[in-house]
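Enquirer: Model the full structure from these sequences, guided by the hints.
So in our numbering, the last spot in the sequence shown is 151, and the numbers never skip.
Honestly, I wouldn't trust all of these hints.
[As the list claims (entries may be wrong)] In silico SDA-like cross-links for lysine to any residue, where the CA-CA straight-line distance does not exceed 25 Å:
#1 83 to 121
#2 121 to 91
#3 83 to 111
#4 121 to 84
#5 55 to 117
#6 83 to 120
#7 121 to 133
#8 122 to 65
#9 122 to 102
#10 121 to 108
#11 55 to 66
#12 55 to 65
#13 55 to 7
#14 83 to 136
#15 83 to 54
#16 55 to 124
#17 122 to 93
#18 121 to 93
#19 122 to 103
#20 122 to 66
#21 122 to 55
#22 122 to 101
#23 122 to 108
#24 121 to 131
#25 55 to 116
#26 121 to 86
#27 61 to 95
#28 83 to 53
#29 121 to 92
#30 61 to 96
#31 83 to 65
#32 121 to 60
[As the list claims (entries may be wrong)] Restraint-style ranges between C-beta atoms, simulated for each label pair:
#33 116 to 87: 21 to 27 Å
#34 2 to 125: 31 to 37 Å
#35 1 to 107: 16 to 22 Å
#36 122 to 60: 22 to 28 Å
Keep in mind that the hints were calculated from the coordinates and are not lab data.
Just so you know, even glycine gets a beta-carbon here, dropped at the ideal spot from N, CA and C.
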Amino acid sequence: MAVGVLALQGSFNEHIAGNLSMYLIIIIIIMLIRSIESIRSFVLIGSVLRRLGVKGVEIRKPEHLNYVTSLIIPGGESTTMAKLAEYHNLFPALREFVRMGRPVWGTCAGLIFLANNATGKKTGGQELIGGLDCTVQRNFFGSQVFLSVLC
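Expert: Structure below.
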């Protein structure tokens, strides 16, 4: 099984290295329910998924989506990701992937991309993939220039 990770900008390397997939989300939820909070558990899950044949594939061009069954859109800087997606003409293919009902998971900037609407967009707006019936508020905690690590 191949899981695509949108590899334009942001934390795509971490997602590929951990072989995150929709199945991993379920495993993480089970871990949280059982109060297992160890990074080792996360790494172990990644190695188990690799042994099961789950492979992470970097998605940089529209045709790369033809080789994956699900997609992760990682965190990063959503404006930069949108500009790169537009440059590589990825938006039509990403929208079709979502429209077909394939599993897609977005974290942080990925969630912004998947939302049908976003508030707090920069002047001129930002293109979205859509498909997730919600409105997100960009920069809720302020501009990234003014943010420090929140953990």
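Enquirer: Next step is simple, just say for each hint if it's right about the structure.
Expert: Cross-check of the supplied hints:
Taken as a hint, the residue 83 and residue 121 pair is honoured in the structure, with Cα atoms around 13 Å apart against an allowance of 25 Å. About 18 Å separates the Cα atoms of residue 121 and residue 91, which keeps this hinted pair within 25 Å; it holds. Simply put, residue 83 and residue 111 have alpha-carbon atoms about 16 Å apart, close enough for the 25 Å limit, and the pair holds. Distance check on the hinted pair: residue 121 and residue 84 sit about 17 Å apart at the alpha-carbon level, within 25 Å; holds.
With a C-alpha separation of about 31 Å, the suggested pair residue 55 and residue 117 falls outside the 25 Å cut-off, and the hint is violated. Annotation: proposed proximity of residue 83 to residue 120 holds, straight-line Cα distance about 17 Å (limit 25 Å). Using a Cα cut-off of 25 Å, the hinted pair residue 121 and residue 133 holds, with the two alpha carbons roughly 18 Å apart. Restraint check for residue 122 and residue 65: not satisfied, since their Cα atoms lie roughly 28 Å apart, outside the 25 Å limit.
With a CA separation close to 29 Å, the supplied pair residue 122 and residue 102 exceeds the 25 Å bound. Annotation: proposed proximity of residue 121 to residue 108 holds, straight-line Cα distance about 15 Å (limit 25 Å). Distance hint between residue 55 and residue 66 is fulfilled; the C-alpha atoms sit about 14 Å from each other, no more than 25 Å. For the given pair, residue 55 sits about 14 Å from residue 65 by alpha-carbon distance, which is consistent with the 25 Å threshold.
Of the pairs offered as hints, the one joining residue 55 and residue 7 holds, with about 14 Å between alpha carbons and a cut-off of 25 Å not exceeded. Proximity of residue 83 to residue 136 is assessed by CA-CA distance (about 19 Å); at most 25 Å being required, the pair is judged to hold. Of the supplied pair hints, the one linking residue 83 and residue 54 is violated, its CA atoms being roughly 30 Å apart against a limit of 25 Å. At roughly 37 Å between alpha-carbon atoms, residue 55 and residue 124 are farther apart than 25 Å, so this suggested pair is violated.
Taken as a hint, the residue 122 and residue 93 pair is honoured in the structure, with Cα atoms around 24 Å apart against an allowance of 25 Å. For the suggested pair residue 121 and residue 93, the alpha carbons sit about 23 Å apart, so the restraint of at most 25 Å is met. Simply put, residue 122 and residue 103 have alpha-carbon atoms about 29 Å apart, too far for the 25 Å limit, and the pair is violated. Proposed proximity of residue 122 and residue 66 is contradicted: the alpha carbons are some 32 Å apart, above 25 Å.
Restraint check for residue 122 and residue 55: the C-alpha separation of about 35 Å exceeds 25 Å, so the hint is violated. With a C-alpha separation of about 29 Å, the suggested pairing of residue 122 with residue 101 is violated against the 25 Å cut-off. At most 25 Å may separate the alpha-carbon atoms for a hinted pair to count; residue 122 and residue 108 meet this at roughly 17 Å. Distance restraint check for residue 121 and residue 131: the Cα-Cα separation of roughly 18 Å lies within the 25 Å cut-off, and the hinted pair is therefore satisfied.
A threshold of 25 Å between alpha carbons decides the hint, and for residue 55 with residue 116 the separation of about 29 Å lies outside it, so the pair is violated. For the given pair, residue 121 sits about 16 Å from residue 86 by alpha-carbon distance, which is consistent with the 25 Å threshold. The straight-line distance between the Cα atoms of residue 61 and residue 95 is roughly 13 Å, inside the 25 Å bound, and the hint therefore holds. Only pairs whose Cα atoms come within 25 Å are accepted, and residue 83 paired with residue 53 is rejected, the gap being roughly 33 Å.
Proposed proximity of residue 121 and residue 92 is supported: the alpha carbons are some 21 Å apart, at most 25 Å. As the CA atoms of residue 61 and residue 96 are separated by approximately 14 Å, the hinted pair is consistent with the 25 Å bound. Distance check on the hinted pair: residue 83 and residue 65 sit about 19 Å apart at the alpha-carbon level, within 25 Å; holds. Proximity of residue 121 to residue 60 is assessed by CA-CA distance (about 24 Å); at most 25 Å being required, the pair is judged to hold.
At roughly 23 Å, the beta carbons of residue 116 and residue 87 sit within the given window of 21 to 27 Å. A hinted range of 31 to 37 Å for the beta carbons of residue 2 and residue 125 is consistent with their spacing of about 33 Å. As the Cβ distance of residue 1 to residue 107 is approximately 20 Å, the hint placing it in 16 to 22 Å holds. Distance hint for residue 122 and residue 60: a CB-CB separation of about 24 Å, consistent with the stated range 22 to 28 Å.
Taken one by one, the earlier hints fail for this structure at numbers 5, 8, 9, 15, 16, 19, 20, 21, 22, 25 and 28, listed in ascending order.
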